[in-house]
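J.: So you can see what is in the structure, the chains are spelled out below.
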Amino acid sequence: MALRSIYRGLKKNNLLSPLCNSCSHLHSHSTSFGYKEVREEEKSQMVGNVFTSVASSYDLMNDLMSGGLHRLWKERLVSKLNPFPGMKHLDVAGGTGDVAFRILESINNVGRRAMRDIHDDNVLDETQIFVCDINPNMLNVGKKRAQERGFGDNKSLVWVEGDAEALKFEDGSMDGYTIAFGIRNVTHIEKALAEAHRVLKRGGRFLCLELSHVELPIFKDLYDYYSFSVIPALGELVAGDRESYQYLVESVRRFPSQEKFAKMIAEAGFDKVEYENLVGGVVAIHSGLKF
Amino acid sequence: MYRSAARRLLPAVCRRTGHFRSKAFPVRFSAPIIHPAAFSAAAASENARNHKLNNFEASNSSSSSSSNEGRKPRVTDRPKAHWQEEQARVLQASLRHVISLGWSDAAMIAGAREVGVSPSIVGSFPRKEAALVEFFMDDCLQRLIDIIDLKEDLTNLIPSNRVAKLVRIRLEMQAPYISKWPQALSIQAQPSNIATSFKQRAMLVDEIWHAAGDESTDIDWYVKRTVLGGIYSTTEIYMLTDTSPGFAHLLSVVDFRDTWAFLDERVREAFDLKKTVQEENLDSVPY
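Sequence lines, in order, name chains A and B. To convert, count from 1 in the first sequence and add 67; that's our numbering. The letter at position 172 of the second sequence is residue 170 when you use our numbering, and the numbering goes up by one with no holes.
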């Protein structure tokens, strides 16, 4: 009797499933693209378009928008990471390679070399830094910059095209995972966090550098004025693309607050979740440990 | 705990203006040393600062326990401070590498590799090498407390000998690391680390006096600990350059005989000074 009722139940579900498939188009989840509401499937396409168009002037625009501060923020991120020789590191959405270059330089720098012993030198060759980005244009800009900096032939730097929500790396294969100014462009943040948790080894660290929320009273108004008035105008002037920079500014506002994001990271399974505000909250570095 | 030390000091200062001899009983530093997690100064300050972390831990374990309903609830079985235990294990393993690599990143990376954890964890220690040194200091203090609890023959000695013996036991724990100890001292003296190292030394000195049977309830309490802190520090520094050979000790060639002689002298001087001060006070009482 029980078996028959279960079977009937299953059949009912089978009958309903074609209906459900047609329903799925009506009930597809929508997500935010800046202040616009768009369908999830569309978001990654639209983000892709944004970055394809800004790729060539991405670094110049970063310098102009942040007044060169973005370099300091990335330095801080890398020093928090504390890279070591033989490290396997994954930098997601790291298209133009800023963070990856800094990590490589930190591992190879002369000061460290002085303190090393023989074992470290052998292990140095095992260092691997993967730069993963969903947009091939950004990766190309990155490879060009690597050539200019002298990392063109460096075996440690590996450029990979991939999606933060579906990484092609094995479980527990990375010592470190960083994502700088990339996670707000991801459609499903929880999936990206879950993937980060999956690929990290035990003891591995997750670090996220992202534009975040400012709460200080007067500074907040100044920052809002700067974001909405100055940045899109700069985008138009320098990159010839006002829309993309409007999206950028809006997406920062839509991103969860520091506390909420930290909670999301903890829910993905990370321990010791902390965040550090830089410039009063304009930028925040969230970190977590995997055990 | 630093905050509670300030709380204790302030009332004593206030009362001194009111009465000459305050009857307040300063709560011992050693009182909170019951729960091993709370005992560690580093962990305590971290717990106070990162209060929000506990909320995340709670939500983390509750959300994962709800998703693990069918399976064995492994996450909920783990205590909340799991990552703290792991960090402690890494630090414990790192200590074994200190003698060859110093109190540095390299020792901690080696320690992490030994335990089977990714060396990235080293970046998560708040002040890296300082975390290792502080862990060692806490560990030594815990071992000293265990020794005090076990040793019954302390009561047979006169107070000055008791104090000297306890300081000697504690300093002998540092003996294996003596070649790298100057580095540890310089790490402790750095501005960002000095608050914690002061706190740890205060706890150590308090513990020694407590074991020596100190029951003072007034300004004496602070004087004794300050003086012992001074004796401990000077002996520690003396030990750094002591190369006196011991008896045919199987494990170590250097036995620090001169250091112990120095220590005994200093302790005796301190107690003599105390007697002199007491005599002075008695003499000055009007008749």
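Some hints could be false.
What the hints assert, rightly or not - Covered by chain B, according to a simulated footprint, are these stretches of chain A (three or more residues, beta-carbon under 8 Å):
#1 203 to 211
#2 265 to 272
As the list claims (entries may be wrong) - Straight-line alpha carbon distances no greater than 27 Å define the calculated BS3-like cross-link-like pairs of lysine-lysine that follow:
#3 A:268 x B:178
#4 A:147 x A:235
#5 B:273 x A:147
#6 A:330 x B:178
Just so you know, these hints were derived from the structure itself, not from any lab. Heads up, the beta-carbon is just placed ideally off N, CA and C, and yes, glycines get one too.
J.: Each hint needs a verdict: does it hold in this structure or not?
T.: Quick rundown of the hints versus the structure:
1. Given a C-beta distance limit of less than 8 Å, the hint that chain B covers the stretch 203 to 211 of chain A is violated, as 0 residues qualify and 3 are needed.
2. Only residues whose beta carbon comes within less than 8 Å of a beta carbon in chain B count, and the stretch 265 to 272 of chain A has 6; three or more means the coverage holds.
3. Simply put, residue 268 (chain A) and residue 178 (chain B) have alpha-carbon atoms about 32 Å apart, too far for the 27 Å limit, and the pair is violated.
4. Annotation: proposed proximity of residue 147 (chain A) to residue 235 (chain A) holds, straight-line Cα distance about 26 Å (limit 27 Å).
5. For the given pair, residue 273 (chain B) sits about 54 Å from residue 147 (chain A) by alpha-carbon distance, which is inconsistent with the 27 Å threshold.
6. Restraint check for residue 330 (chain A) and residue 178 (chain B): the C-alpha separation of about 41 Å exceeds 27 Å, so the hint is violated.
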